[in-house]
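Q: Chain by chain, the residues run as shown.
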Amino acid sequence: MKREMSILAILTLIILAFNAGVALAGDPTGANLDGKATYESLYANQSLKEAVGRNALAINFVWVLLVGVLILFMQAGFAMVEVGFTRALNAAHVVMTNFVIFSIGVLGFWAVGFALMFGGAGGLASLGGLDPLNGLFEIVKGWGIFGTKGFFLSGDAYDVGVFLLFLFQVVFMDTMATIPTGALAERWKWAAFCIYGLFVSTILYPIFGNWVWGGGWLAKLGSNLGLSHGYIDFAGSSVVHAVGGLTALTGAYILGSRIGKFNKDGSPNAMPGHNIPLAILGTFILLFGWFGFNAGSTLAATDLRISVVAVNTMLASAAGSLAAMLLVWGLFGKPDPSMTANGMLAGLVAITAPCAFVPAWTAVLIGAIGGLLVVGGVLFVEHKLKIDDPVGAISVHGFNGLWGVISLGIFADGTYGTGWNGVDGAVRGFLFGDASQLAAQLIGAGVCLVYTLSLSYLFFKVQDKIMGIRVSERQELLGLDIPEMGSLAYHGLVTSKFESRGEAA
Amino acid sequence: MKREMSILAILTLIILAFNAGVALAGDPTGANLDGKATYESLYANQSLKEAVGRNALAINFVWVLLVGVLILFMQAGFAMVEVGFTRALNAAHVVMTNFVIFSIGVLGFWAVGFALMFGGAGGLASLGGLDPLNGLFEIVKGWGIFGTKGFFLSGDAYDVGVFLLFLFQVVFMDTMATIPTGALAERWKWAAFCIYGLFVSTILYPIFGNWVWGGGWLAKLGSNLGLSHGYIDFAGSSVVHAVGGLTALTGAYILGSRIGKFNKDGSPNAMPGHNIPLAILGTFILLFGWFGFNAGSTLAATDLRISVVAVNTMLASAAGSLAAMLLVWGLFGKPDPSMTANGMLAGLVAITAPCAFVPAWTAVLIGAIGGLLVVGGVLFVEHKLKIDDPVGAISVHGFNGLWGVISLGIFADGTYGTGWNGVDGAVRGFLFGDASQLAAQLIGAGVCLVYTLSLSYLFFKVQDKIMGIRVSERQELLGLDIPEMGSLAYHGLVTSKFESRGEAA
Amino acid sequence: MKREMSILAILTLIILAFNAGVALAGDPTGANLDGKATYESLYANQSLKEAVGRNALAINFVWVLLVGVLILFMQAGFAMVEVGFTRALNAAHVVMTNFVIFSIGVLGFWAVGFALMFGGAGGLASLGGLDPLNGLFEIVKGWGIFGTKGFFLSGDAYDVGVFLLFLFQVVFMDTMATIPTGALAERWKWAAFCIYGLFVSTILYPIFGNWVWGGGWLAKLGSNLGLSHGYIDFAGSSVVHAVGGLTALTGAYILGSRIGKFNKDGSPNAMPGHNIPLAILGTFILLFGWFGFNAGSTLAATDLRISVVAVNTMLASAAGSLAAMLLVWGLFGKPDPSMTANGMLAGLVAITAPCAFVPAWTAVLIGAIGGLLVVGGVLFVEHKLKIDDPVGAISVHGFNGLWGVISLGIFADGTYGTGWNGVDGAVRGFLFGDASQLAAQLIGAGVCLVYTLSLSYLFFKVQDKIMGIRVSERQELLGLDIPEMGSLAYHGLVTSKFESRGEAA
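Chains A, B and C, in that order, give the protein sequences.
Throughout, this note's numbering is defined as the position within the first sequence, counted from one, plus 13.
Throughout, this note's numbering is defined as the position within the second sequence, counted from one, plus 13.
Throughout, this note's numbering is defined as the position within the third sequence, counted from one, plus 13.
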């Protein structure tokens, strides 16, 4: 009776008690539960060490699975933030890019991306005469470029541990993939977007991911070149956020600005979003999920550092939000909602790499700088680069992602990370005596910048040549929802311009 | 000092360290924590086996409690999906059916439903001379119809294990209960809805639930009739979703279509929803909660198969969404948002029964078929059955629920389910050599169909005779919010038709 | 290879299996995982008792961290409820008070509040000649007023256990802090609100919190005065909710009512909210988070009473909602959405103190009384006190918070709480033979009332004298979003009155 067995596994003693007859009362505190019977039902023929080890595995499975699901929920946060900060006549289009990227990304990463990222660190490197890969997690001697095992989660990858790792990693990939949808919003062609989704989930994200998290060459800057622990990005300031934000940069550049965004003299016009409450809801959802993102990146709850990671994440979010609010309040006279929300996200992006390595006051400082940086970044992108980024994704994720990995190289305090990337000793930043860690971080940040800008530029450019990635001017002027999605976001509440003109879409 | 003792239980060593004086520093990684002191504070006089068993119990309590809460949150998902896909003038009414069903359901299941479903498997069967039930989880020899213990969670049921099981099961019931509110939306009388809530939480859901999950007769098709493992529905494709979707079918049929839905020649008119972003938010919330729904259905995190369950759930959701999107895109020229969202839900419903028994590629296939099925189902219900289902609940939950349990009988790959329902060996579907498992699944699906359609038809028919279940034509035309709820959903934004006509509601 | 080591910690056996070569297949159920290898990788040189203890610590870290994050998400619930129940032209202002209070609160509590609340129970008391504090959790002999250690989480507080406690406690503080934003909505000056946030997170909340949860004098009413177990508030009916609701009362009183709320004869006008679906979403989010709030307050999942706590929480929420709905339906003819939602919140607030100490039927009763009380309370505040509370926060949190702690003194059934506050025996209420527990509860409730009303009154009064806490009449009439925040909530959907008048804000 497997179903009943499952219940038994939990509730052995309750059942024993109940089955003993009506004379036995319930156990309202659990004080009378017989742990030994539970032991026998779960670990009958196993040694105590085995049983303790399996309990530890179960703890970590619970942890990784639940934080994975928390991170997945961030997709809803991005959707609400982006729809809230854009205009009503494109709302169905914007929200659907955030919705469908999830599905495209999951299938792309399942088929190809996961294997490239975690299927060993060989790839091209192994062509150079190195040992062939023989396992998913084997770390080859030499420099790794991409992995080659685990496509479609088939064969040996049909394994509870591999599936758990996939679950956790696929949601990071989808976070990266959904970042550019905000910067390219309100003018992106749907079919072009779909192909973009396949590209980032199968190629762009997994390759750089392999270099940092899959045992690839940036992780080996330490063991191979002596640069301290090699490049470290704890939870993805660069792997997820900078890659996302920089892809948003090239995409928005090639796509061009929305009609009406810039005047003929190059000065920008404000194009405010249509739903601040939804955008703030989205920001809260992102904050909520970010605790999974960061604290979950230990991959083990038996690593009790998770509490420090979580508190640092919270402190940086608060500091980023207040710093941005105070700066815009000072500069422009009002505590602008969108900047205040983006300040929180900036603080979160910045603390994502260093969160496990710094004390509380440093988290506040890193977050606050993130908040200032996002305000400056938004002004820089709009006024200097003349790029139209409707939601500020380039500054929030791109600039702060890079700041995050660099800040680790400055502030890591030497209390954590012993043995990281196979190098002895804890991780220390420049201020704590290890300049070579900062060097590794700068190299990693530089590689991230060059890799992402060039590969994503190439992709968007080629795609634009082949199929065109922008909607027609008429569609853009009248709103994308009817022509692209076939459905208004707010039927009966917001009148389509097609309708008011009496035209067909 | 119990409060302090609780802290002690966690933080024993911290406190010891701190109390030893200022000379002792904090422990920023937890490396110095003294596990032995924690052991002594929690398990002082217990053997190691007892302690390990109690740790396992605690792991499973954490798991079941947290996934239960995730599932509960799906109520918010249903609320947002249904309000988003219906019209603004009924928005308060629609959202409140999804809100109040929770409360009615919880109290109905607490008072009656839980006992009928899990209070043993005797009921009418025991009248036939079988042994009387003497425990909540005892499985009687014979065929079970309903349980008889645990009403009001009183007496022996005042027990930490029973309460945990109640928590987990009540949220499944409420998921079922909230499904029909979408299909019956925009014309359902509030008082009739309230009585419906009591009926499904006390009778309709628990009885079928007992047959499948409470040790009742469908679970015994294997041990009693030799049909392999008997009827298996891992997480409720049938128990929750098909019962919900088929109840939606009879309800929407008896209630009749909304005014204006069908023309005189029987052709349907589109009545688009008023808030796509909210509907997508709701879909994301449902996806989020579904990981609790499916992975949680092991009832034990010490069963590491949870990672396979979770990944299969995710893959099927993605495949369902993309399959539906591509099909409607091909058929009608646009990637319709509501179909794309319903495709995800369809994939989720379909994978709910087989998620623990199949490999990744099969999950993709089952989900994709679910996505195609929901598009076909919606067209079938609207064009052939001429039933008005504003949100597509019949196709999403009804048709795909049945597909889900059948797919298990086809694709179960023999890697899981050893001993399920008291039958030796792992669970195999038709393609893996066990035709009798498919037979059991078809019987279960058929019973679900007949049971639900007939009992729910009877209920709605009788209720309609007694009190009338539909609002007046005038109320429907002017919007239900004012006459039924006394409050507009969007006061100041959407003008009531009563207001614009200068009439009282 | 620390990153790999983390993976190793979880997945030791998978890796061993994979590295052994391609001949070894994946492990799709986890049945072949070698727990002993996991043991060796995590607990190599530790005794079995140490390892079991560390597993227990990890379980409780997972539990506290995840419930802490659930509670944090309640901020989003408050934001949606408050924005939904107020008017569209103030929506950005309302939602931003709920957003920014989080950040202000976090930094205030980090810098000052946490230390005052949990940094020992000495404070002023120690000036009277008592032993000086020498540890964060030391309980001094005598009466405690506030703590003195742990400012900025620096020094010895840089500790995984202390950070975990901070994470859990800071979200309770922020819940309290966000309650008054609803009652003061639509007329509160932004700068005044920001200073309020600092005040409550550093002073108002932590001081009373120290008395109840930090080992302060109310917790010692038992050991010092013989009043049974002293004052008990399990999860914060008073510490969080009554303090919040009573601060809302003085704030709304001093701020005055919104223009148009009361007629010259003192009769009130309804000022309905603009978005019921968002308000209901917010209520669901609060319900979701409340399971963390209450069940998490054991601070340990190894205390299996968490299932009883969670079920009681759910039952009270359902009963509160239905009781309020039926009462307003009977009184005014319609099942008003806002009262039904507030009824659920009222039930939740009421059960928060007694949830761990009562059986299921009592939870239903306490919640139902809460639901009736909130309806009566709203009418009383509006018609008798003539105070304008746009969202009903005073009744939901203030009145029901007091009811919650008193109900514990009546209904605690003697099955839980052995040793609480250092007093032998389980906790019993008046109905179970312990009148002195009820006396302690009445004293605590009275102290909460007097402390909160007087200190918050003083604060608002002084602040109003110094800087003025209310916006100008013109700003209020035209909507706060443009003048206060610089941004409309619904740009393009809701026309600013400034715009329609052709005036500058």
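Mixed in with the good hints there might be a few duds.
As the list claims (entries may be wrong) - List of simulated lysine to any residue pairs, SDA-like, C-alpha gap at most 20 Å:
no. : chain 1 : residue 1 : chain 2 : residue 2
1   : C       : K274      : C       : L491
2   : C       : K347      : B       : I208
3   : A       : K62       : C       : L491
4   : B       : K397      : B       : I267
No wet-lab data here; the hints were simulated from the structure.
Q: Evaluate each hint against the coordinates.
A: A quick look at each hint next to the structure:
A distance of roughly 15 Å separates the Cα atoms of C:K274 and C:L491; the hinted pair therefore holds under the 20 Å criterion. Under the criterion of a C-alpha separation no larger than 20 Å, the hint pairing C:K347 with B:I208 is consistent with the structure, at around 16 Å. A C-alpha spacing of about 70 Å is found between A:K62 and C:L491, which places the hinted pair above 20 Å, so the restraint is violated. Proposed proximity of B:K397 and B:I267 is supported: the alpha carbons are some 16 Å apart, at most 20 Å.
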